[in-house]
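Next come the chains, spelled out residue by residue.
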Amino acid sequence: MNGNCLIRKKNIFSLTTDYNWSSEGIGVMKGVILSSINNARIIDLCHTVKSFSKINGSRQFEMIRYLPVGIHILVVDPGVGTNRKAISILTNRGDILIGPDNGVMINAANLLGGINEVYTIDIRLSEQTVFDGRDVFAYSAGLIGSGKKALSDIGKKIRKESLCPSPLIDNQKLKNKVDSIVVHINHFGNIILNINSKEIDNFLNRKVKISSNVKSIYATVRRAFGNVAIGKPLLCDDGYGRYCVALNQGSAKDELKVDVESIIHLELCE
Amino acid sequence: MNGNCLIRKKNIFSLTTDYNWSSEGIGVMKGVILSSINNARIIDLCHTVKSFSKINGSRQFEMIRYLPVGIHILVVDPGVGTNRKAISILTNRGDILIGPDNGVMINAANLLGGINEVYTIDIRLSEQTVFDGRDVFAYSAGLIGSGKKALSDIGKKIRKESLCPSPLIDNQKLKNKVDSIVVHINHFGNIILNINSKEIDNFLNRKVKISSNVKSIYATVRRAFGNVAIGKPLLCDDGYGRYCVALNQGSAKDELKVDVESIIHLELCE
Amino acid sequence: MNGNCLIRKKNIFSLTTDYNWSSEGIGVMKGVILSSINNARIIDLCHTVKSFSKINGSRQFEMIRYLPVGIHILVVDPGVGTNRKAISILTNRGDILIGPDNGVMINAANLLGGINEVYTIDIRLSEQTVFDGRDVFAYSAGLIGSGKKALSDIGKKIRKESLCPSPLIDNQKLKNKVDSIVVHINHFGNIILNINSKEIDNFLNRKVKISSNVKSIYATVRRAFGNVAIGKPLLCDDGYGRYCVALNQGSAKDELKVDVESIIHLELCE
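Protein chains in written order, with this note's numbering: chain D, 6 to 275; chain P, 6 to 275; chain U, 6 to 275.
So that you can see chain D by itself, here it is in the shape it has in the complex:
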């Protein structure tokens, strides 16, 4: 039983884009999906990926692991209109991930049991335009979810080894000195780093010097915000397994003056 011969009806869909909430494109994509499958449930996972940032897109798309098995669309696509491939990935959990072949879907696929099969997407709703979110991704998602098309009906099977690699790699650990990349900044100004926080218990209450290009601050490793005074910095888990620099009820982003993809240097104090 594989993608090649199996119709994969699904009615759960999710959207992750850098369109921003001001875009009518989000509603239009939903319309295109609902036109194929009128009982679709479409979850907006994130529409505020930093424009064109594959690193931020990777981090946000990883969150599909909290969604039910479904068809998950990713549109962070600086290469739209060029010859980059559009692809569908069948995960071992049973999801179908749809988006450009630029590595952004790889981490999420690995969190869903890994990649089972990959197909190109070679159809489009309209030849005229370069709105691939609507014409390629939402359109093919609707056809697949409704059972009108199998993955093999809309493209060719390709080797998973041929896919672009993930732009976001967490090969760092918290240690005496480590450079990290800002992979996300949330509304509160909390800064998420590409450092796994699995071993946070080994570092609780340690002091860490945290430096951007413009400023250094000293934070304490903590489990929770309430554990430091208002306005004080802490290094904690981001809720998803990475370290996060935060100020209790303040903005670490404003304090350190960084943005997504900035470099942050950490140094454990004695």
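Hints are not guaranteed to be accurate.
No copy is singled out in the list; a pair is fine if it fits within one copy or between any two copies.
Said to hold, decoys possible - Result set (SDA-like, lysine to any residue): computed pairs, CA atoms no more than 20 Å apart in a straight line:
1) K90 x A155
2) K55 x N253
3) K203 x D175
4) K237 x F57
5) K90 x N232
6) K220 x I186
7) K203 x L130
8) K214 x S151
9) K55 x H192
10) K55 x S27
11) K154 x E204
12) K237 x G84
13) K178 x R13
14) K153 x T125
15) K203 x R129
16) K237 x R13
17) K55 x G194
18) K55 x G236
19) K262 x S27
20) K237 x P83
21) K55 x S28
22) K161 x T125
23) K14 x S40
24) K220 x G84
25) K203 x E132
26) K165 x G99
27) K182 x K212
28) K178 x G246
29) K178 x I235
30) K212 x N43
These are computed hints drawn from the structure, not numbers from a lab.
Based on the hints, put chains P and U in the right spot on chain D.
Relative to chain D, chains P and U alone:
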């Protein structure tokens, strides 16, 4: 068979407003609809129409052509609380458009096969307030979609010739010299003009001088963003049939310092 | 029949948070709910409560009175990670309100017929993190709505008298001189005050001096925006029963330079 005698049950709804995503009014309107029809599917088409801009509202509401047949609510309504009429428009495709009689729904209706019938809306949920999005538009949408009321139960049939005309007219073509109006600016800073891009193939690779009140830039007519260098301007299709001034991975809005309803002058170079 | 012994299946859910629309947490919470109950309908009531403002959270959460009976989640929670209780409130209308015990849900509960029973929530999806929106509130909402758990299965019944009191009290009336608190500011810059507008008819067309810390303006009490000239101030109903300072097609917030929780002084003129 007309609106007069026909109950028009629908469970697809869409919302287009200038409320902005920070408004609790969006959720409240959904609550009012769901209170009448508990299997409603409500699509947020756009909530970031520029405040009070009928031109921008018209352009955004045109996107309902990508949605399934349903009840489409439009709230861009600088005249709320005055004696402007509230209306429901039955389109030839079978949709019902609900909103104020200020011309903003006309283009969309024409894209859905044209206007079949028009009724006033003469009911409201609460006499007390001026929140017509909730008290008039969402309330009547729920009653109509649930089949509790026909269009003729909630208002009087009026002649379509009596409606306010559309504020957004595309009577321009790309030519040697042309003045256009900015009808939309998206999150990336792309500028959409009231010039139909149907004949873009005749102009591919031509250079165009694009001038706002404060600055001129030279753009090339292209099919896709990837076809120009990062940061360089292009004139392309907006994905919906109008010309769009864009910078590849940059903001044309910031470059030309324009806003919705600004004037942009185009001049084809030799 | 009470919460103790009754499974309370519901498929209508709503979310009110201060996460902002840029948060992936909203989509993640929906995923967690849908993983328990795949026909859930989840309404985003408001995600732009001013960060950590219990007063603004109270006002926004009151809007659940326009939603169908359901499970309504509130996450405005400056005390997350401390020992504040997580609670579920069964209202007399039949809703279940889920959130922190910090008073923010009290006004809404009173608008839904009052509090019937209250339970603590003593379960969580993950021990590791402090993302209570996902791990406590959405998780328990899904278990309750799906009928897998009763309120008494996930916590202990507590006395409603033991709950934190509401942070938002409207004990003011419009009168000769009155100090009020800004409880909300909307996208248009309209300023909502903690003064009940029930008796607005007694004051129609009266002039009112409205003063912030930095500026005073003179507004007229009106029913509707259209009733004053563009740019002119008015004092009207906010659509939900409180007084609202507004400029017709302008921003009262910018004019008076106030924010949520600022003090505004009103003085009725002769």
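We went through each hint and held it up to the structure:
| no. | hint | in the structure |
| --- | --- | --- |
| 1 | K90 x A155 | within (18 Å within a copy, 49 Å between copies) |
| 2 | K55 x N253 | between (24 Å within a copy, 15 Å between copies) |
| 3 | K203 x D175 | within (12 Å within a copy, 47 Å between copies) |
| 4 | K237 x F57 | between (32 Å within a copy, 16 Å between copies) |
| 5 | K90 x N232 | between (48 Å within a copy, 16 Å between copies) |
| 6 | K220 x I186 | within (16 Å within a copy, 37 Å between copies) |
| 7 | K203 x L130 | between (44 Å within a copy, 17 Å between copies) |
| 8 | K214 x S151 | neither (53 Å within a copy, 46 Å between copies) |
| 9 | K55 x H192 | both (12 Å within a copy, 11 Å between copies) |
| 10 | K55 x S27 | both (14 Å within a copy, 10 Å between copies) |
| 11 | K154 x E204 | neither (45 Å within a copy, 33 Å between copies) |
| 12 | K237 x G84 | between (41 Å within a copy, 15 Å between copies) |
| 13 | K178 x R13 | neither (39 Å within a copy, 45 Å between copies) |
| 14 | K153 x T125 | within (17 Å within a copy, 41 Å between copies) |
| 15 | K203 x R129 | between (42 Å within a copy, 19 Å between copies) |
| 16 | K237 x R13 | neither (50 Å within a copy, 42 Å between copies) |
| 17 | K55 x G194 | both (14 Å within a copy, 14 Å between copies) |
| 18 | K55 x G236 | between (26 Å within a copy, 17 Å between copies) |
| 19 | K262 x S27 | between (26 Å within a copy, 19 Å between copies) |
| 20 | K237 x P83 | between (37 Å within a copy, 14 Å between copies) |
| 21 | K55 x S28 | both (14 Å within a copy, 12 Å between copies) |
| 22 | K161 x T125 | within (5 Å within a copy, 53 Å between copies) |
| 23 | K14 x S40 | both (15 Å within a copy, 17 Å between copies) |
| 24 | K220 x G84 | neither (34 Å within a copy, 29 Å between copies) |
| 25 | K203 x E132 | between (47 Å within a copy, 13 Å between copies) |
| 26 | K165 x G99 | within (16 Å within a copy, 45 Å between copies) |
| 27 | K182 x K212 | within (13 Å within a copy, 52 Å between copies) |
| 28 | K178 x G246 | within (12 Å within a copy, 50 Å between copies) |
| 29 | K178 x I235 | neither (28 Å within a copy, 35 Å between copies) |
| 30 | K212 x N43 | neither (54 Å within a copy, 44 Å between copies) |
In summary, the structure is inconsistent with hints 8, 11, 13, 16, 24, 29, 30 from the numbered list given earlier, while agreeing with the others.
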